[in-house]
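Asker: So you can see what is in the structure, the chains are spelled out below.
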Amino acid sequence: MPEQEQMVAIRVKVNGKEHKLQVEPRLLLVELLRENLDLTGTHIGCDTSYCGACTVLLNGKAVKSCTVLAVHADGGEVLTVEGLAKNGELHPIQKAFGDAYGLQCGYCTPGLLISTYQLLQRNANPSEKDIRKAIAGNTCRCTGYQNVFKAIKAAAKGA
Amino acid sequence: MFPRAFHYHRAGSLKEAATMLSQLGPEAKLLAGGQSLIPLMKLRFAGPPHLVDLNFIPGAAYVKQDAGGLRVGALTCHADIEDSPAAAAIPILHDCAAGIADVQIRNRGTIGGSLAEADPSGDWAPVLLTLNADVRCLGPKGERTVPISKFVVDAYTSALGEDELIIEVLIQAPPKSSGGAYIAFKRSAPVYASASAAVRLAMEDGVCRDAAIVLGAVGLTPVRALEAEAALRNNQVTAKTMEAAAEAARAAADPQPDMRGSAEYKRQLVTALVKRGLEVALKRARGEKVELSHIYA
Ligand SMILES: Cc1cc2nc3c(=O)[nH]c(=O)nc-3n(C[C@H](O)[C@H](O)[C@H](O)COP(=O)(O)OP(=O)(O)OC[C@H]3O[C@@H](n4cnc5c(N)ncnc54)[C@H](O)[C@@H]3O)c2cc1C
Ligand code: FES
Ligand code: FES
Numbered sequence: 001m002p003e004q005e006q007m008v009a010i011r012v013k014v015n016g017k018e019h020k021l022q023v024e025p026r027l028l029l030v031e032l033l034r035e036n037l038d039l040t041g042t043h044i045g046c047d048t049s050y051c052g053a054c055t056v057l058l059n060g061k062a063v064k065s066c067t068v069l070a071v072h073a074d075g076g077e078v079l080t081v082e083g084l085a086k087n088g089e090l091h092p093i094q095k096a097f098g099d100a101y102g103l104q105c106g107y108c109t110p111g112l113l114i115s116t117y118q119l120l121q122r123n124a125n126p127s128e129k130d131i132r133k134a135i136a137g138n139t140c141r142c143t144g145y146q147n148v149f150k151a152i153k154a155a156a157k158g159a
Numbered sequence: 001m002f003p004r005a006f007h008y009h010r011a012g013s014l015k016e017a018a019t020m021l022s023q024l025g026p027e028a029k030l031l032a033g034g035q036s037l038i039p040l041m042k043l044r045f046a047g048p049p050h051l052v053d054l055n056f057i058p059g060a061a062y063v064k065q066d067a068g069g070l071r072v073g074a075l076t077c078h079a080d081i082e083d084s085p086a087a088a089a090i091p092i093l094h095d096c097a098a099g100i101a102d103v104q105i106r107n108r109g110t111i112g113g114s115l116a117e118a119d120p121s122g123d124w125a126p127v128l129l130t131l132n133a134d135v136r137c138l139g140p141k142g143e144r145t146v147p148i149s150k151f152v153v154d155a156y157t158s159a160l161g162e163d164e165l166i167i168e169v170l171i172q173a174p175p176k177s178s179g180g181a182y183i184a185f186k187r188s189a190p191v192y193a194s195a196s197a198a199v200r201l202a203m204e205d206g207v208c209r210d211a212a213i214v215l216g217a218v219g220l221t222p223v224r225a226l227e228a229e230a231a232l233r234n235n236q237v238t239a240k241t242m243e244a245a246a247e248a249a250r251a252a253a254d255p256q257p258d259m260r261g262s263a264e265y266k267r268q269l270v271t272a273l274v275k276r277g278l279e280v281a282l283k284r285a286r287g288e289k290v291e292l293s294h295i296y297a
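Chains as they are written, first to last, in my numbering: chain A, 1 to 159; chain B, 1 to 297.
Treat the hints as calculated values from the structure; they're not laboratory data.
Possibly wrong hints are sitting among the right ones.
Straight-line Cα separation of at most 30 Å, DSBU-like style, residue types lysine-lysine; simulated pairs [said to hold, decoys possible]:
1. B:64 to A:129
2. B:29 to A:13
3. A:61 to B:275
4. B:283 to A:129
5. B:289 to A:13
6. A:61 to B:42
7. A:129 to B:29
8. A:17 to B:42
9. A:133 to B:64
10. A:17 to A:95
11. A:61 to B:289
12. A:133 to B:275
13. A:153 to A:86
14. A:129 to B:275
15. A:20 to B:289
16. B:29 to A:61
17. A:153 to A:61
18. A:133 to B:42
19. A:153 to B:42
Residues of chain A clear of chain B, computed beta-carbon distances all greater than 10 Å [claimed, not checked]:
20. 26
21. 55
22. 74
23. 98
24. 100
Predicted model only: the values in this text are computed from it and were never measured.
C-beta: ideal position from N, C-alpha, C; glycine also.
Excised from the complex, chain B in its bound form (with noise of 0.2 Å):
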């Protein structure tokens, strides 16, 4: 199978990138990983006339930490941010990275890819909501910084104007009795989840004092689950309030029947996911080095 012609622009800036956006106009099309974007004009789902090549810009890959916080580039794989220290310092950052599809599909999707393409099913932005992680933005007006909870639009749709380009995300690291995790069930590896959980815990004193926990997969849009966060928010965390979170959580949720499950199998999964990561974020807050991993059906 082959993408339809195109002509082909290799943007040797992020700036020259944002200004050919904006001759070539509302048609053309940035190219990152090409994992989301090639499969969909190899199947002539998408046949932009122009695509701009983010790949050869230098220094646009990059996970660094400075004193605004953790700074990801917008072209970094997947794969380099499971590897990095920051991955490891933030284990919900490593879950999510380490858990997107398979070694071949990391190695190549960017984060950026990943934020822009706003898959319903994607990972990463169930898990940067619980992080508060903003989107550096450029455009041929200059920069902009949009958090990430207005980012994500709708299902496939992003706050991107048609003439910008995502730069950056920036993420805080979350204070030290704090703990995520994120957890999917998936059917096999190189598939999106059927539906998954990202959860972050604030403790002090054994008492929960914040809570964020999003769904994924089950809904348009990531899902905040903001009745499953009350029910932890200035409680202890114990099996009981973990369960009533689950069920909240199972509430929120607004799955769609397809080949992935019914609604109703989802919403069950959406429980499970939930419980589990909550066990997992509860460890990581009290300083424990937990290993999570996706569920393989």
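Isolated chain A, as found in the complex (with noise of 0.2 Å):
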């Protein structure tokens, strides 16, 4: 173990404003979303890597941020469901998740509105398949699935 600290200096947009920060190279990109910028938005369910409550877009993918460093977003640009309302408004997908009851406690919904957003830029007419492709990496433990995908049907068609 090394007996100082060392620090990396990093350069990231995040929601389209630029940070400049000093991390810890061990810092998760999701803890330096939560506690070094207050994103609280995106959520830690498993911490494993399964559950997808953490999924935010880093360089237009969607990744898990609690197995993707902070380091590296370094020079990149991170999107999280903080970014996603523009001007007071709700982003359409996340009207759609409200309007279809796509969600209940809505801890996983973060990391569903995240995937959804990256499903519909690349495929603006999914099939079924496609969006239980596009989600399969998001668990949810009490709505079900069945208005999510009313929701993003429902998101595809307003988009």
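With the hints as a guide, dock the two chains, each given alone in a separate frame, to form the complex.
Answerer: Now the structure itself:
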């Protein structure tokens, strides 16, 4: 183990805002977001890379931020659930989840919203199978997935 | 959960990574997508004092075709292989890449990391065994090419030296009249397979000239089912010969009972997976386009 903590300088754009930070190399991206930047919309569920509650976009790709180091975001861009709404208006995906009752406790929701965002960016008209594949890495323990499917379909129509 | 503190070294090139490894000594670890290593470090099953980060090396992630064959850079993530034209041309690559865990893991996990990890349930090794792929490695003494059959040594053990890294996977496109397929049985997306089968058939005038059948997750390393291959070679591929091959594959499997099922249950899976894989491989060898996805319990 290192006697002295090494700090690494990183630059990262989060939801459009540039940040310059000094981080310990072992700092996880999810902790950087929640603890250093106070963006607590991204949740920690399993903390072992299974549940997807911590999903964010890193350089346009959905990743589980509990299994990515903060230093990996250096020079990159992160989108979290806080970055979806614009000018006080919820994003159409967020509205669709609300309208279709696609959430109950909401714990898994930030991750599901980001996975949906990635899906619809790549595929504006996803099939049932495409939707299944896109959210296979997101576990919801209380709503179940039927209303989530409805929400994603509605969001795709609206998009 | 936090990993134990470590010294972070960002490699600027593959060569620099190899140099760093040899200078830092055997306790240093390479970090690619981190989808195996970071969970292990968080759970404190691994606590390397030095990490050599490969993620910022320019030009180490690619899928390209040249005169030498299909080249996949070690740092290429599963998702980029899934979406590549090469995976459309060689469907077994798509079967494999698209079925690894979930989108988020596929966006980060790399083919190089997967081979180096040599997890007995990893998906790439069985598939690459049916394609006779080569693994290009780089160390302080230079490069060497290791056939995949020699690369996987044991559970979690590859042929890599302590100061070597994988730089590229080289795949020869299979001949036109051949077809391959990879199919796994999984309890859900973000878990490893309970059992899997990779198959390849080379056909000529309706007769199987060559066959490769490799089983995943049912042994300490991928299991090459030689007798199953022999049941097909120089025969017509019919329901009967496929059945015989599937039975021989079942006998070759050497599964451990665990939370994914008993040994007998996994053998049963092997029989079914080999049959399904062969059916699809045969159709593909005839030029049919067949989409194949894993079976989720
Ligand atoms: C929830 C979950 C589910 C998963 N499901 C599956 C699955 O269904 N099928 C499957 O195959 N895999 C699965 N994986 C593993 C995933 O595919 C990993 O991406 C892969 O095993 C390791 O690749 P990596 O790039 O993340 O490597 P890392 O985690 O960064 O490294 C893994 C090991 O390889 C070494 N290494 C990395 N790159 C190199 C290199 N170029 N040369 C030499 N050594 C290197 C590292 O030092 C380390 O020891 C899963 C992972 C998770 C977290
Ligand atoms: S908290 Fe990251 S996957 Fe569950
Ligand atoms: S809404 Fe409660 S876990 Fe998904």
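Asker: Does each hint hold? Answer for all of them.
Answerer: Against the structure, the hints:
1. Using a Cα cut-off of 30 Å, the hinted pair residue 64 of chain B and residue 129 of chain A holds, with the two alpha carbons roughly 29 Å apart.
2. In summary, the hint linking residue 29 of chain B to residue 13 of chain A is supported, as the alpha carbons are separated by about 28 Å, within the 30 Å threshold.
3. Between residue 61 of chain A and residue 275 of chain B, the direct Cα distance comes to roughly 36 Å. Violation of the 30 Å bound is thereby established for this hinted pair.
4. Under the criterion of a C-alpha separation no larger than 30 Å, the hint pairing residue 283 of chain B with residue 129 of chain A is consistent with the structure, at around 23 Å.
5. About 43 Å separates the Cα atoms of residue 289 of chain B and residue 13 of chain A, which puts this hinted pair outside 30 Å; it is violated.
6. As the CA atoms of residue 61 of chain A and residue 42 of chain B are separated by approximately 23 Å, the hinted pair is consistent with the 30 Å bound.
7. With a C-alpha separation of about 38 Å, the suggested pairing of residue 129 of chain A with residue 29 of chain B is violated against the 30 Å cut-off.
8. Proximity of residue 17 of chain A to residue 42 of chain B is assessed by CA-CA distance (about 29 Å); at most 30 Å being required, the pair is judged to hold.
9. Using a Cα cut-off of 30 Å, the hinted pair residue 133 of chain A and residue 64 of chain B holds, with the two alpha carbons roughly 26 Å apart.
10. At roughly 24 Å between alpha-carbon atoms, residue 17 of chain A and residue 95 of chain A fall within 30 Å of each other, so this suggested pair holds.
11. Using a Cα cut-off of 30 Å, the hinted pair residue 61 of chain A and residue 289 of chain B holds, with the two alpha carbons roughly 29 Å apart.
12. Between residue 133 of chain A and residue 275 of chain B the alpha-carbon distance is near 25 Å, which keeps this suggested pair within the 30 Å criterion.
13. Between residue 153 of chain A and residue 86 of chain A the alpha-carbon distance is near 21 Å, which keeps this suggested pair within the 30 Å criterion.
14. For the suggested pair residue 129 of chain A and residue 275 of chain B, the alpha carbons sit about 24 Å apart, so the restraint of at most 30 Å is met.
15. This hinted pair does not check out: residue 20 of chain A and residue 289 of chain B have alpha carbons roughly 50 Å apart, beyond 30 Å.
16. Proximity of residue 29 of chain B to residue 61 of chain A is assessed by CA-CA distance (about 25 Å); at most 30 Å being required, the pair is judged to hold.
17. Taken as a hint, the residue 153 of chain A and residue 61 of chain A pair is honoured in the structure, with Cα atoms around 21 Å apart against an allowance of 30 Å.
18. As the CA atoms of residue 133 of chain A and residue 42 of chain B are separated by approximately 27 Å, the hinted pair is consistent with the 30 Å bound.
19. With a C-alpha separation of about 37 Å, the suggested pair residue 153 of chain A and residue 42 of chain B falls outside the 30 Å cut-off, and the hint is violated.
20. The Cβ of residue 26 of chain A does not lie farther than 10 Å from every Cβ of chain B; its closest approach is about 5 Å, which violates its non-interface assignment.
21. Once the 10 Å rule is applied to beta carbons, residue 55 of chain A is inconsistent with being away from chain B; the minimum gap is 6 Å.
22. Distance to chain B contradicts residue 74 of chain A as a non-interface residue, since its nearest Cβ pair spans about 8 Å, not more than 10 Å.
23. The Cβ of residue 98 of chain A lies farther than 10 Å from every Cβ of chain B, with a closest approach of about 24 Å, so its non-interface assignment holds.
24. Taking the minimum C-beta to C-beta distance to chain B, about 21 Å, the non-interface status of residue 100 of chain A holds against the 10 Å cut.
When each numbered hint is compared with the structure, violations occur for hints 3, 5, 7, 15, 19, 20, 21 and 22.
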